[in-house]
Amino acid sequence: MKGGLALSRPANSTIDDQIHTLPLQATYYLPAVSYSRAVLHSQYEPGQSVLRGESIAQGVIAPTSGTLRAQVNHAWPHPSHLEVPTWELEADGLDTALPLAPLAQNVTTQDKLSRLTMAGVQGLGGAGFSTAKKIERVLQHTERTLIINAVECEPGVECDRMLMQSHASSVIEACHALVEWIQPTQTLFAIEDDKQSAIDALTSDKTHQQNPVLTWVTLPAVYPSGAESLLVQRLTGLHLAPNQRAADAGVLCVNVGTVMAIYNALNGNAAIDRLISVSTQDLMHTTTLSVRFGTPLNAVLKFAASQHTGLAEALRLNPTAVQVGGPLSGFSRPIDNAPILAGCNALLIGPSHQSQPPSACIRCAECATVCPANLLPQELYTAARSDDHDVLKHYRLDACVLCGCCDVVCPAHIPLTQWFRFAKGSVAEQAQNEADAALARTRSEQHAARVEQRALEKAVADEQRRSAAAAAKHAKADIQAALARVKRKKPSA
Amino acid sequence: MIPALQSYRQANPAQRRDTTRIMTRVCWALVPGTALMALWFGPGVVTNGLLLILLCVLFEAGALLLRQRSIRHGLNDGSIVLAAWLLALCLPPAVPMFVLVIGAAATTLLGKHVYGGLGQNPFNPAMVGYAVLLISFPQNTTQWIEPQWLGGWFNPDTWERVWSQITASSGVTSAWDAVTQATPLDQFRTATHAASSATTSASGMSGMSGMSGMSGVSGVSGVSGVNGSNTGIGIGSATSIAWISLSAAWLAGGLYLLFVGLIRWHLPVAMLAAATTTYIVYTVWMPDITLPLPWVLFYGGLIFGAFFIATDPVTAPSSRSARLWYGAGIGILCVVLRVHSNYPEGVAFAVLLMNACAPLLDRVCVRDQPQ
Amino acid sequence: MSDWLLIVISAVFVNNFVLVQFLGLCPFMGVSNRVANALGLGIATTFVLTLAALLSHLLHTYILVPLDVQYLRIIGFIFIIAVVVQFTELVMRRHSPLLHQVLGLYLPLITTNCAVLGVALLTTQQQNTLFSALLQGFGAAVGFTLVLILFAAIRMRLDKADVPKPFQGAAIAFITAGILSLAFMGFAGVT
Amino acid sequence: MTWLALTSLLLLCLAIGYGFARLGNSQSSEETLIERINDCLPQTQCAQCHFPGCRPYAEAIADGRAGINQCPPGGDATIHALSELLGVEALPLDKQFGVSKPPLVALIDEAVCIGCTLCIPPCPVDAIVGSGKLMHTVIAEDCTGCELCIAPCPVDCISLVPATAEITQWRPAAPEQRS
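Heads up: the protein sequence lines correspond to chains A, B, C and D, in order. All letters in the first sequence, in the order written, are residues 1 to 493 by the numbering used here. All letters in the second sequence, in the order written, are residues 494 to 864 by the numbering used here. All letters in the third sequence, in the order written, are residues 865 to 1055 by the numbering used here. All letters in the fourth sequence, in the order written, are residues 1056 to 1234 by the numbering used here.
Among these hints, one or two may not hold up.
[Said to hold, decoys possible] Think about it this way: if two alpha-carbon atoms lie no more than 25 Å apart in a straight line, the pair counts; the simulated PhoX-like pairs of lysine-lysine are:
1) A:Lys489 / A:Lys476
2) D:Lys1156 / A:Lys424
3) A:Lys424 / C:Lys1024
4) A:Lys476 / A:Lys490
5) A:Lys393 / C:Lys1029
6) A:Lys473 / A:Lys458
7) A:Lys424 / A:Lys133
8) A:Lys2 / A:Lys393
9) A:Lys133 / A:Lys112
By construction, these hints were calculated from the structure, which means they are not laboratory data.
Sequences and hints are given; from them, build the entire structure.
Pasting the structure below:
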């Protein structure tokens, strides 16, 4: 990969090599918002009790058994800092699971996909896209490639490494099950070369050695080699057209955590939790927690502080702000009871630091040298400022993965990634408006054509009726004339 | 910047810079050349530099004030100091004050602030200032004195001229009494003109010659069109040693910038390569040109232009292939202008012409090849 | 062969019609806001200019001079240019309505474009052969188009610059054109 | 001699004039212009521009009978697109035609609706479903918020609500520009 940044943790930083599982919470918060940010509705009545793993709405799974309260506006971990309608689930402490029978191997693909949807399996790499839809698109292709993405390239995010290190055998099993199901012509297990402990754990696993179906691809530890579009183009040499997803080209690129979630779902337990790495802003201390979706943020941080003195100290120093996501791709938010969701892979205690006020861009093209997608951020920046969509399209804004490398190297401290997020939003908004306009136009043309047609028919019908009436009047006159003649001929009759 | 990346920035010094540091680094790279020039041409070079920097900073402050922008923030990126310094190096020592004022105004206002400040000007500000001065005051911008090692510093006449410059008194306007021989490039140009006996040298502008373009000693004294005494421009004459040592100093500064990673090799290499090939084509096409090849690079401002003027990131194109074309364009135009046009040293015009092509080059050379 | 090249080079660079002789400034300023429009007008002007130079030379040598009515040349040239422009407009309307739509306003403007009349007058004045007149016209047009496209690319970037209020729009365009002609003065004196 | 020259020029121009006449009757480009103006309009068919729909407004612009800033739903985007297309100056939205509002859709209050079907014909995009004495409702995805159904309703049961939830409409904000 050209460009990118070789980011490394501080030399003497410590990583707690043990996964701590969060105890059961009193209440869980389940936002009623889908992947495309549409508001969801559910047929469950407030006060109804649910079991663990029960699907309340599309993609929303109850993390534990308890009673469902009414929807209420609640904080949501999203850069918009908006409040969204959220279901509150009061745990009853029993944590009884919804009985889900493990699926046999020879079950049809459709059953497997519906099981994934019901179990709420979502991408854990950060995008949170529904895995069932992704697999469904890949299965339409005969020539399929499976890429297991264990490239955790952002420093301060250790959950994939911890997962592979501590559950190596089940990870291999999960990979084999997925290979069994998808039958890809080629399976690549992409991992970074600075995760040697995880690589050793996986390669020394017995089942892997018996039937080595995975081919290992170790990549140099350069951020952001883990971005899906970049990884797919790099490993398969395939050039994705603008807005074309890897799945549409028959390549299933899936995070190693998601592979585990698929394996668990097929074996009967819903995707209700994930691993999260919690660390301090300067990445000196990192620990890994297993957290259920919907757990409030402050509970997670309090528990992390209880497990690790370094984190406790950090939380004590800045108790108000936390960065959700990695050091480069994360966003800052206040510490409150906003729920942890599938897309959140890391928490950094402390506010994300504001760089100096930006000065003018001198077009030095440092950002172009580090851009992993081979773009010209300085041209995109000028176009984004003047909101010129043609030029944004000309310089391929859609290929930008918002990795943040250009922000790091910009000598004028310009928030380039935030400009590109704004530009992508404005381009998407205009595309939506154009689609609505096209729909409204066809409907109004059809409406006009129908009204015209209706008027034409009415005119023709009137014409016929009038001529018929005239003919009828004419006929009546003839009859009367005939009767009059008859009367005159036979006066006495 | 997220502290986690401080370790990254410490690990990669190239990433530790910001705009101010870039500009100051380039100024440091200019110091050896300027010092050598001051030694050869006397204190006038230093006064040129200081006065111009002062005037440009004043104009910049005024412009920022007019646009209600914070003067401190605007000034501390040092870009105007660099532009003023580059312009000062193009002018003969101790030019009169009005030339400096108009040059500073052209560079700061016309070159940069009319387009909205740093980063938005299509033309290199120093070259805009220089072109304006060159065309409006041909006499003052091309009358160079003969380079004497440390000579200028002990000659009372130089100090008097410097004093008249500073006090802006127009006392000393008589031509230099020590008018010296033609510059190597000027000789080179008149040789070609004489050879092709074209009529143009009789046109109005021809009397004025020897546009130093950061170099060259004017020999043809003013309008009379009489060739100066040519005490030879062969290797080893005082003039050639001065200019070669100066170009060597600029090369040293340029390599330092390249080594530190402030500029990329594409542009200077493309420019020098294109200049050499064009020159070779000319020697084939017009056999009467005698100047041996290596000296073409070292005489005149080619090296100075390649490393300091053309590599101004604001006015150069920003994608890799576009920079190669841009450098090649400047190299070719520079030699063409040297051979043909009235001004023996065409770096200033070549840079301005290619600045005009930079936006088009950027649009055309879009990097759309896949990974 | 080399003197043909010299004619074209001198027409394109040395005495460029727009930046050195300051002819044809209104379309130069008017149509240079988009590179696509500039290219369109450039091609149209090249077509018109070359044809006009040819026809005006024919008119001059075979009608005006033998009949000794040189004083009619202004009317004759303007008539020829109008004919050629009208012909171009029809061809363009038929073949690329999109380009015609964009240039609709500026195509008749070429008729009154002083560069076109300038070429016609200059080529007939300097007693050169038919072919060199054609070359001169073509060189002038190429010069006009080259500078127009460069200027359009610069203006597209200037639209995004935060130019001070009084200089926005045409003012900054004139200043940039001024600096461009300053740069073109470097070619002065090239034989 | 001059008479000879003038007559020859006259003949030349007559011949060329005849040639142009035959060449000149190509398909009028008026049609493509209206089509391309219509492409820029938001197609809400709301008649706030005092024309019965977007296409009539496009025809009016093509004939010069209407300005390019009479379309409130289109707002600045439409004005900018039209000024770009026609090469005319982009004027700000003319207040007398209304103010550009965030996208809205009509909503029928089902408790009040008496099923009189008066609101169905005026809807330019057939977004209202219902028949005589039966419940009516608006298809939210199709409704363009043109407010033409509000006036005819005898019981005033139609109101305007935001088209999509605030969270769906949210877009990342631009970084604040340096002064």
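25 Å Cα cutoff - pair Lys476 (chain A), Lys490 (chain A):
Between Lys476 (chain A) and Lys490 (chain A) the Cα gap is close to 22 Å, so the pair holds against 25 Å.
Regarding the pair Lys424 (chain A) and Lys133 (chain A), is the alpha-carbon distance no greater than 25 Å?
holds, 24 Å
Distance restraint between Lys473 (chain A) and Lys458 (chain A), which requires alpha-carbon spacing of 25 Å or less:
Distance ~22 Å between Lys473 (chain A) and Lys458 (chain A) Cα, so the pair holds.
Assess, step by step, whether the Cα of Lys1156 (chain D) is no farther than 25 Å from the Cα of Lys424 (chain A), and give holds or violated.
holds, 22 Å
Take a quick look at whether Lys424 (chain A) and Lys1024 (chain C) sit within 25 Å of each other, Cα to Cα.
holds, 18 Å
Verify the proposed pairing of Lys2 (chain A) with Lys393 (chain A), using a straight-line Cα cut of 25 Å.
holds, 22 Å
Has the given pair, Lys133 (chain A) with Lys112 (chain A), been kept, meaning a C-alpha gap of at most 25 Å?
holds, 12 Å
If you draw a straight line from the CA of Lys393 (chain A) to the CA of Lys1029 (chain C), is it 25 Å or shorter?
violated, 29 Å
Could you grab the alpha-carbon distance between Lys489 (chain A) and Lys476 (chain A) and see if it respects the 25 Å cut-off?
holds, 21 Å
Hint 5 from the earlier list is the only one contradicted by this structure; the remaining hints agree with it.
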